[in-house]
Amino acid sequence: MTGELGQIAVCFALALSLVMSGAGLWGARADQAASRSIANGAAMGMLVFTALAFGVLTYAFIVSDFSVALVSSHSHTTKPLIYKISGVWGNHEGSMLLWVLVLAIYAALVAALQRGGDRLTSAALGVQGLMAAAFFLFLLFTSNPFARLDPMPFEGNGLTPLLQDIGLALHPPMLYAGYVGLSASFSYAAAALMVGEEGWVRAARPFMLMAWIALTAGIALGSWWAYYELGWGGFWFWDPVENASLMPWLIATALLHSALATERSGAFRTWTLLLAIGGFSMSLIGTFLVRSGLTSSVHAFASDPTRGFFIMVLIALAIGGALALFAWRAPTLKGGAAFEPVSRETTLLLNNVFLIASCACVFVGTLYPLVLEAFNGTKISVGPPYYMLTFSPIFFALLLLVPLGPKLGWKRGDLKAAWRSLYPALGLAAVAAIAVLALITPRGLTAALAFAVAGWLIGASILDVRSRKGARASAFAAALAHAGLGVTLLGVTGATAWRSEALTVMAPGEIITVGPYRLRFDGVTEVKGPNYVADQARIALMDGDRVKTMLRPEQRFYTAEGQSVADTAIRTTGLRDLYLALGDNRGNGRYAIRVYVSPLAPLIWLGALVMALGGMLSLWGRVRVGARASASETVAAE
Amino acid sequence: MNAKKKRRLAFAAALVAVGAVLAVIVVYGLGQNTMYFRSPTDIAEHRIQPGVSIRLGGLVQQGSVAHGKGAEVRFAITDGKSTVPVNFSGVLPALFREGQGVVTTGALNETGTFVANEVLAKHDEKYMPPEVVDSLKRSGHWKEGGV
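These protein sequences, in sequence, are chains A and B.
Going by this note's numbering, the residue at position 15 of the first sequence is 15; the numbering climbs one at a time, nothing skipped.
Going by this note's numbering, the residue at position 60 of the second sequence is 60; the numbering climbs one at a time, nothing skipped.
Mixed in with the good hints, there may be bad ones.
Said to hold, decoys possible - What follows is a list of derived Cβ distance ranges for each label pair:
id: 1; chain 1: A; residue 1: Phe-396; chain 2: B; residue 2: Glu-118; range: 25 to 33 angstroms
id: 2; chain 1: A; residue 1: Ser-392; chain 2: B; residue 2: Ala-17; range: 20 to 28 angstroms
id: 3; chain 1: A; residue 1: Tyr-59; chain 2: B; residue 2: Ala-12; range: 31 to 39 angstroms
id: 4; chain 1: A; residue 1: Ser-500; chain 2: B; residue 2: Asn-87; range: 17 to 25 angstroms
Everything labelled a hint here was simulated from the structure, so no lab data went into it.
Yeah, the Cβ is synthetic: ideal placement off N, Cα and C, and Gly gets one too.
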């Protein structure tokens, strides 16, 4: 019965999304207040029914209701509860249901907050409703999560063990909150093109921030997962699926900065609109890349061509429609305000140029193999060296410019004064570079350069905070986010330039030394987990002849799924990771063992966390200012 | 020409310049760093330069895996029609088995042995890399539902 309830809920939500789009778009007319309230109500109703459908599916997973086909093919009674729940979105159908749930949450937020006036909100709800309707249709016709299985099997097929992990339990919801969060900016931009663009940036900015925070956190979670779960010691592989999440992040970052200029000084009016459209377009393209099965990875759940086709049509309609609207309405918009060549606006313009350029590099590298294969059947892959050659220098140039922006005034800035005020940061950069060159062998120029840039970023952020005592939260937020970039850069540099590794076959009792660590292999025993059996190695971290601590990397075999996954053992000091992975059995108790020592690796994710905190601070500042503004409005009205 | 038009022109020129530089970087980057996927039959039929990085995929031939000293492993990759010997030094993925589909990255040496610096096998017993499926289909050794 539960399955049918979910299905009915999805149908109701679809109907409400159609009501919302019709009433919302009609309500954009000044004299249609009744239509606007219908749209608002429909947004709330859509959330209720989508949440009900999601709840029903989650319940089916929790109680292992194998009469639902999705549950039987992706769950198992022996799975721990948390992975029964995360199994809901550990498959194509469920993840699309999560996608529409997030879309419905943002629609309800737009309706509840009524930012930017009732006409703008109404038009935005209309656009959001169109997208929701398209995705509900996609769900019902190509990816029904509630399809039944008859006869009902006694046991499920289980969930890919790689997904049975806390990092991957949280990563998809976080990433979707970001991907789909960009839909709100997209809807506001389209609404602004319909009813006039005044005030849309201010209205949409909290949504841009929410999306950006979630994307930052989601990407960081994904990278962290890849680091400890895949057993290769790497944190970013330039895999098409990772790129699919990086591209919206780059555009969302550009959007945040461009929107700042539009809001504060009226510059880049049309460009910001275009970026809001572009950001969500990247999310859609990312979804298409991941969900169409064009790329092979853990993320490609299904390679059903009708789904790929449907999503492609959906993308074409959404992007094409928005761009057509843009082309039609943009010439009627007020041009952006002028500014001097030396000004905050110019630095934000350069920020956008570099971000778009780096996104273009990722875009080409990701899609070129697909296009080439479609074109003449040649199979190629574009590896990390391509990105090191194209993306990295462009992004590096961007980082060099970051500290300058906040030091320059709007409209017209004083470059000399800005430069002078940054001397201490420059000093910190020089110290960082010299320290690297002097203290660490072998000498690496790239590492020294990267440390200089990180010092430059962090130093400038500290200066920013010091020079603006009592300033608005947004200045602190920017400083925090920029410092986070510096911290991540430190981590990336340490973990790539100074990583040491050993790939050896060890017999019990054997000792190896990697970096500062002495490790003794004490053999392998079999242990039983809740739904797997594992070969567990005992590797002693030695301090002289004394055993300091015991590390236990595992090779787990998940019996239900018939799959095998490494479980790494990582010991971190916060500034350096010792990373162990157990490899294959080479007979006579000998095992292949991978050891990585990654200096500063934890800073990669700490930096991302700092960036996300910066975003949250900015969001909090908005909410507070918004509350104060509406309070004073109320006072004024009285 | 008024000031506004001049500004627009300068902006357009700058945009074209940035675009051109970007295009050069991207095209150069792609030219240097694309790796072709080859099947054992491709290698048998076409001369592939030693030392050029390629990806080689197929099935690990039954009975071919031999462990050398330390982390060295020798095995052969086959698509049923042709076979290429592979040398690899490192840790093999957990599901590396004889008869499994694998994709390796590396280059041929002068004697026609493929020296791999990376061996990928997916974590799923049922999974077969799509490139390998295609090459097995071409060599006529693909059986639906696994091999």
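Evaluated hints:
no.	hint	result
1	A/Phe-396 x B/Glu-118: 25 to 33 angstroms	holds, 27 angstroms
2	A/Ser-392 x B/Ala-17: 20 to 28 angstroms	holds, 21 angstroms
3	A/Tyr-59 x B/Ala-12: 31 to 39 angstroms	violated, 58 angstroms
4	A/Ser-500 x B/Asn-87: 17 to 25 angstroms	holds, 24 angstroms
The earlier numbered hint that this structure contradicts is number 3, and it is the only one.
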